[in-house]
Amino acid sequence: MSSISSTDILAEKPVAAFAAAGPLLARLRRLQPGLVLSWVIVAIVVLWAVAPQLFSTYNPVQGVPTEKLQAPSLLHLLGTDALGRDLFARIVHGAVHSLTGAFVAVTVGLIVGTSLGLVAASVGGIVEDAIMRLIDVLLSIPGLLLMLSIIILLGFGTVNAAIAVGITSIAAFARLSRSEVVRVRRSDYVEAAFGSGGTFLAVLWRHVLPNSLTSVLAFAALQFGSAILQISTLGFLGYGAPPPTPEWGLLIAEGRNYISTAWWLTTAPGIVVVITVLAANRISRSLGKVR
Amino acid sequence: MAALLSVENLVVSYSENDNRHRVVHDVSFTVEPGEVVALVGESGSGKTTTAQAVIGLLAENGRIEQGAIRLNGEEISRWSGKRLDTIRGRQISLIPQDPTSSLNPVKTIGAQVGEILRIHGERDSKAVDARVIELLARVGLSDPELRARQYPHELSGGMKQRVLIAIAIALKPQLIIADEPTSALDVTVQRRILDLIDDLRRESGTAVLLVTHDLGVAADRADRIVVLQHGRIQETGDARSLLGAPQSEYARQLLADAPSLSKAGFRAARPQAGNDNAIVVEGLVQDFSIEGRSSFRAVDGVSFSVRRGTTHALVGESGSGKTTTVRDVVGLGRPTAGRVEIGGTDIATLKGDDLRQLRRRIQLVYQNPFSSLDPRQTVFGIVEEPLLNYTRLPAFERAAKVLGLLGRVGLPESLHRRRPRALSGGQRQRVAIARALVLDPEVLVLDEAVSALDVTVQAQILKLLDELQRELGLTYLFVSHDLAVVRQISDTVSVLQNGRQVESGTVEQVFAHPQSAYTRELIDAIPGQRSHAVA
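Here the protein sequences line up with chains A and B, keeping their order. Counting from 217, one number per residue, gives the positions in the first sequence under the numbering used here. Counting from 563, one number per residue, gives the positions in the second sequence under the numbering used here.
Any given hint might turn out to be false.
[As the list claims (entries may be wrong)] If you only want the chain A side, here are some residues facing chain B, beta carbon under 10 Å, derived:
1) Y405
2) G411
3) P426
[Said to hold, decoys possible] Pulled a few chain A residues facing chain B out of the computed Cβ check, cut under 7 Å:
4) S403
5) D404
6) A408
7) G414
No lab work stands behind these hints, which were simulated from the structure alone. Quick caveat, the model's predicted, so the values are computed rather than measured. Cβ atoms here follow ideal geometry from the backbone N, Cα and C, with glycine treated the same way.
Required output: the full structure, derived from the provided sequences and hints.
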């Protein structure tokens, strides 16, 4: 089962890290085990996306009809689906879709949202009012409804689903970055920078941006987890990648038909999604604490 | 009869990242009933830690390693928090440092004063209410019935400190620990609060352990003084003899550095760098509009002029309009009316890049060196930045200039790559001064630039400013609430009250023959004068 296979890897990883680190040993020891575990989980998922063939030799798309709906065994760690495809292989190969989707979503939200917040807070006046009221409008539309509408406008597909998820997170990024920038802008050192002759853009770039980004980055890590969840949601509803793409949400949706006879088809990808999201949340919390 | 409080060989340590380091070493002193003992030292000297240990309120990572704390002969240093609760408030009470953050903002004053009575067993709510009113009246609050119904934000800083004192004396404790009770308050308020503590002590024979960084305050109020440095006692003694003839090196230095106690008179007149005025302010008025209400006039008709190469001081309490005036002078604010000229240029006419160019000639040093430096820049980067903004010097010339200036303000090379977080308050203020000077300005505006610093560091910075002025012919506009400092370093002074200028003239004139009652009150409130009278 998934938990067994992943704990094997987990048990090895930190040991290897300790041995290699040497002088870093003392520093690592101070890290919380939960945080280390989270980083390890994220590292494994990234490895799945980068080099899936290292983890599973089965073909994720082409099934073997004679081996359909087999329960988890040593041969098929997480069992097989109705077309005889190995579920573990499909989860491993699906990582790249979920991760790129989440990455695109967070990038869209981070760049567009943070720029809007930054401009609003630093220009102020009517520009700020206009931008922030627009953001309020975005916030007032239920997230899922907004995502579905955007996908219908843009067309189906992994990237479009990711963009839709990203657009719904713009509002949160804009609000957070605006409040941070407003806080930093009021500080003495920003005024001192203007006082020592800084132009508007120079001060913005040199002082305001670096000092207000910490919590925005922590929020981006948090958003990474929820983006995976939202992309899976869209996949489940059929708005994401089309079958036979092994996208995680789609896996759960497909497994739903066999929930009474083949529980592993929904449970395993579900657990993987939950664990990845939890790991991203844990990492985000540690980033937020750094300052 | 044993001493009321005796601290014997106290050792306190704090743990940080698995290692413990000691901050109080082998401290012993006693407090007799009805006596005022002052713990004096700069920040980091362990004075607050010692006081916290006495009342069992050390921070979570703090621990008493050795020693005994005896209250009426009973050893209390190993007591549990629960057991200490029985004596806290009843036998020992605390007046905290910062009145603005020490009251619960969502409870009325009456409820908070009544709380200590209820905690210690008073059940009759009528009796509690009556006693609360009595206490509030006792600490000199006008209209105590109204105050009891008000919330902390409706009271001024001095009034809040009175409320905290009311809480501290509610159960007539034998010992009051006053941890910098007046540091956050204006001088005139400070004097009234200290007078109040004195009166209460005289009436009920309460002993006071006064923690302060201000030797002037200790000189005025204490019977005995304990001087601490780096967690060790440097000197203990009767206040008068300690101040008259300090034995230890450190006590001598503290005494020399305390502006309020220094015997030095006014400084010698500056050789004027020119005959013209570096700053001219005429009829300055600044209104702030408050949403939904009429506008508020922060500065109302302030006029002064400063000759090139001299120091002009703006003096007043908080809310007097000093900072607003200064912001208009450096061009960060826009005056509602009046004229500000810097070296002959009227800054009200300047806009955009002209205003930016003017800022080369007038630089501001902020009150708080902890917030005026970007936490992400290195010391070198902070000082280099103004040069990047205005000049196109090649990198090596720029570096030479920055290094020269950092050396001039006394920052060793080992600190240049550090970030502000790794510097002390005094070092940070030196960085801020270097940043202000790197463009060779004509005028330096110092907004309470030494108020946040310990006396010894303050004396060093003032000396540095004095040297720089002499070498570079700088003009200073020095804002302060501390008249003792102003007396030391300024040539001329303006006194502000509620945005109006109540007095203006040379320092000698104003200090020797104050024309307004307010100036006289300010001068009388300088601590440390009682000991002068004695000496």
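Hints, verified against the model:
{"no.": "1", "hint": "Y405", "in the structure": "5 Å, holds"}
{"no.": "2", "hint": "G411", "in the structure": "5 Å, holds"}
{"no.": "3", "hint": "P426", "in the structure": "5 Å, holds"}
{"no.": "4", "hint": "S403", "in the structure": "6 Å, holds"}
{"no.": "5", "hint": "D404", "in the structure": "4 Å, holds"}
{"no.": "6", "hint": "A408", "in the structure": "5 Å, holds"}
{"no.": "7", "hint": "G414", "in the structure": "5 Å, holds"}
In the structure shown, no violation is registered for any of the earlier numbered hints.
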